[in-house]
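K.L.:
Sequence order for the protein chains is W and D.
Mapping of the first sequence onto the working numbering: position 22 corresponds to residue 22, and the numbering continues sequentially without gaps.
Mapping of the second sequence onto the working numbering: position 247 corresponds to residue 247, and the numbering continues sequentially without gaps.
Please note: incorrect hints may appear among the correct ones.
Said to hold, decoys possible - Only some residues are given here: those of chain W computed to face chain D with a beta carbon under 10 Å:
{"id": "1", "residue": "G80"}
{"id": "2", "residue": "L84"}
{"id": "3", "residue": "A149"}
{"id": "4", "residue": "I151"}
{"id": "5", "residue": "V159"}
{"id": "6", "residue": "N167"}
{"id": "7", "residue": "Y169"}
{"id": "8", "residue": "A175"}
{"id": "9", "residue": "G177"}
{"id": "10", "residue": "Q266"}
{"id": "11", "residue": "R269"}
{"id": "12", "residue": "I270"}
{"id": "13", "residue": "L278"}
{"id": "14", "residue": "R284"}
What the hints assert, rightly or not - Residues on chain W that point at chain D, a partial pick, calculated with CB under 8 Å:
{"id": "15", "residue": "A31"}
{"id": "16", "residue": "P33"}
{"id": "17", "residue": "A39"}
{"id": "18", "residue": "L41"}
{"id": "19", "residue": "V156"}
{"id": "20", "residue": "A158"}
{"id": "21", "residue": "A276"}
{"id": "22", "residue": "S279"}
Note that these hints are calculated values from the structure, not bench results.
Think of the CB as a built atom: it goes at the ideal place given N, C-alpha and C, for glycine as much as any other residue.
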Amino acid sequence: MNSGRTVAVRLLVFAASLFVASIAIFLVVNALPGDVATAILGFGADPASIADLRARLGLDRPLLVRYFAWAGNMLTGNLGRSYLTSESVTALVAPRIGVTAWLVVISMLIAPLVALPLGMLAAMKRRSWQGATASTVSQIGLSIPAFYAGILLVIVFAVTLRWLPANGYTELVDATGRWRPVSFVQHLVLPVLSLVIVQSSVLTRYVRSAFIEVLSEDYFRTARAVGWTRWRALWRHGVRNAAISVVTVIGLQLATLLVGAIVVEQVFRIPGLGTALLSAVANRDLIVVQGIVMVLVFAVLVINLLTDLSYLLIDPRLRGRDAR
Amino acid sequence: MVSGRISRRALLGGTAAIAISAAACSGTSTPSATPKTLSVGATLEPPTLDPTMSDAASIPQLLLYNVYETLVKLDSDGNIKPLLAVRWDVSSDNTSYTFTLQQGAKFASGTAVDAAAVVAGIQRMRTSASATIKSQLAPIAEVSAQDSSTVVVTLSQPSNAWLYSMTSTAGMIVDPATTDMATKPMGSGPFAFSTWTKGDSITLAKNTKYWGTPGRFDTVTFRYYVDPNAMITAMLSGDLDIISNLQAPQSLSQFADTAKYTVVEGTTTGKVTMGFNHSSPALAQLKVRQAICYAIDRKALLNTVWAGHGQLIGSHAAPTEPYYEDLSSTYPFDPAKAKALLAEAGVANLALRLRVPVTKYATDSATFVQSQLKDVGITVTIEQLDFSRWLTEVFTNGDYDMTIVAHVEPRDLVKWADPKYYWHYNNPQLQALVKEADAGSSDDYERLMKQASELLAEDAAADWLFLLPNLVVTTSAVTGVGQNATSLSFDLTTIASQ
């Protein structure tokens, strides 16, 4: 019941955040200088045709009416229609989510695989050269922006060595229904790598400090006292305890990874959410901007929710806390 | 009356950069009986494919002459040539045009391009939402089919600009069966629209029913690179065969290996114009405008901003426009004279706002201009605006003193005759010249427009900083890319690959 209550509270906070976010997004996007009708019609458009187009797009309605129309539709999964092409925004955004998701999910799966061993090594051997090396490597990775890493990777692996394509994207299953796994992977290697370099470096720092903390805990010393090896004690008690802070960081990292992906998509010309967002902003296709930002906010909130809920799974103490 | 049209995207990117590649990304599996493919990379992706909805230059770049055809087209020297019309006869009073249509021309759908379809096509454009197209077609009084292969267009007044605009977007003949121009364009060109992967590329397929010389490629893919360096690395890594119109001329040296690459350099119609707001009190004075023109070393600016590629023009005309002459020495670099003129005008401590769209040529030029004007005692504050904001605040609301934008539309000098246009330039003498030129014979047109161009230069109506070059980089396999970009089309019909 108690963990049930915790879950209920979390869900409530989630829904409220989503609602507040939708208002904020709507207001900010609509306060952007520049007008979609002017942007569409461009040069030489007379005021009459601009007014005409605004009316056709429903932009002459009061702000409040437009907000509720948009938010109401959103509850049914309908993000509206693009001002520019009249296409459904949901249909426009859905394939983009897939592209960005590949990038983010693959990076996030690889980053801990690099960071956990590296971070543990840095913690366990922190007074020897191995630990110092691990720390230095992560420090260097941390100080390189993802886009810069991307450019360097392209110069080395695409321009000089010609092992991989410089940019672009191939769907796993192309328009004709043909599977293209090789091309799909080739196009993702460099963008994923440039995200992983930064992400795993950040994560390594956190893993290291989480484990250093564990090493000085009483339960760790006790485990050692009853004859467990350092690694076994660390594995048995350390991982779970360190996991709380590492999972928190992974949750936060996922959010920054989404933003990082937007930049990396530009460098590698990947048609994901970031590319779609930038072109919609440039064209003042505000309804598409609202839709994409909403999707991003939704993703971040879901990640936070899952992070919160995962504490309950990882740490039995939290489950029992409310019972007292 | 109005012929020139500036396209918002065109302004942003200059004439959009294009790259071409034989499709293969390294390592992708290609079947042995490889279909002939071409990958054309460009800078800006069209926001929509409906040219009646949007002025984006990326739309004619992709569709004009390739997917949509026009009655008449512009050749590589900027002359009007037959396309869907084999010939046209003009009445003695220059108000009635009789077009004789190409026999056997068909849309990609198989429907004949007959007189009825052409009439329907012109009528469709006349009801366009784009005010630009509407005004270009405004001289038309009536369009009718005389018989199945003859179309008669009657104008309410003679207009040289009208026939010219029929070579551009306004003249595109759309298949009458088209229902969705925004995502499924249908025309009669050598290529037909195939697929659009948003944020990435648009693919055209060979129109197997094409009436003329068939397209030389089975598919042509336009790939869009927002970042010019991404396009360059794609070229260097072997993903591309051609970069047409390089947007980073400083990187030209990377393609110096003549065994691998060919560099073609020509002209565009992209006039990088530093416009003055003529309703701002200081800039309404001729001496102040002249002082600014004298104060700027445009040769040095071109070297700094565009690595010396491009040329100085001095007025609102490009070499591929019929009324062009070199007026670049009207105001040679002379800071002392600039200071003297400012003193004569009684202007001291002049402060001006230079509000530019965020695009490389504009922001780089702005910095250069700022430092040179400082030397003659003019304080310039630079403000960079994203293009939509620029469009609303500078272009529509006229809230600026000076701005820098490339006017890429061919033959757009006529914009200076519109006092409501964002420069607020109101010169009755120029307006009379432009009007007379439009209504006159073709000789009159050239002569009078030349006078108009000279008048603009002498009046220092703007400071034309330079003309954007057409910089094409190709691999040795590709041939036939036009040296000069005379229209907004990236014309695929001349391009071949070994």
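K.L.:
Closer than 8 Å between Cβ atoms is the bar; does A39(W) clear it against chain D? Give me holds or violated.
P.N.:
Holds - the Cβ of A39(W) comes within 8 Å of chain D, reaching about 5 Å at its closest.
K.L.:
When the nearest CB of chain D is found for S279(W), is that gap smaller than 8 Å?
P.N.:
holds, 7 Å
K.L.:
Does the nearest C-beta of chain D fall within a distance shorter than 10 Å of the C-beta of R284(W)?
P.N.:
holds, 5 Å
K.L.:
Taking 10 Å as the limit, does the beta-carbon of N167(W) come near enough to a beta-carbon in chain D?
P.N.:
Hint holds; N167(W) Cβ to chain D Cβ min 5 Å, cut 10 Å.
K.L.:
Mind checking the CB of A158(W) against every CB in chain D and telling me if the closest is under 8 Å?
P.N.:
holds, 4 Å
K.L.:
Under the criterion of a CB-CB separation shorter than 10 Å, is V159(W) in contact with chain D as hinted?
P.N.:
Constraint on V159(W) satisfied, holds at 5 Å.
K.L.:
Under the criterion of a CB-CB separation shorter than 10 Å, is A175(W) in contact with chain D as hinted?
P.N.:
Holds, about 6 Å.
K.L.:
With 10 Å as the cut and Cβ atoms as the points, is A149(W) at the interface with chain D?
P.N.:
Since the shortest Cβ distance to chain D is 14 Å, the answer is violated.
K.L.:
Classify the hint on A276(W) as holds or violated, based on whether any CB of chain D lies nearer than 8 Å to its CB.
P.N.:
holds, 6 Å
K.L.:
Tell me if A31(W) is really an interface residue toward chain D, meaning its C-beta lies closer than 8 Å to one of theirs.
P.N.:
Nearest chain D Cβ about 12 Å off; hint violated.
K.L.:
Does Q266(W) hold up as a contact with chain D if the rule is Cβ-Cβ below 10 Å?
P.N.:
Since the shortest Cβ distance to chain D is 6 Å, the answer is holds.
K.L.:
Can the hint on V156(W) be confirmed by a CB-to-CB distance to chain D that is less than 8 Å?
P.N.:
violated, 11 Å
Violated hints, in rising order: 1, 3, 9, 15, 19; the structure is consistent with all others.
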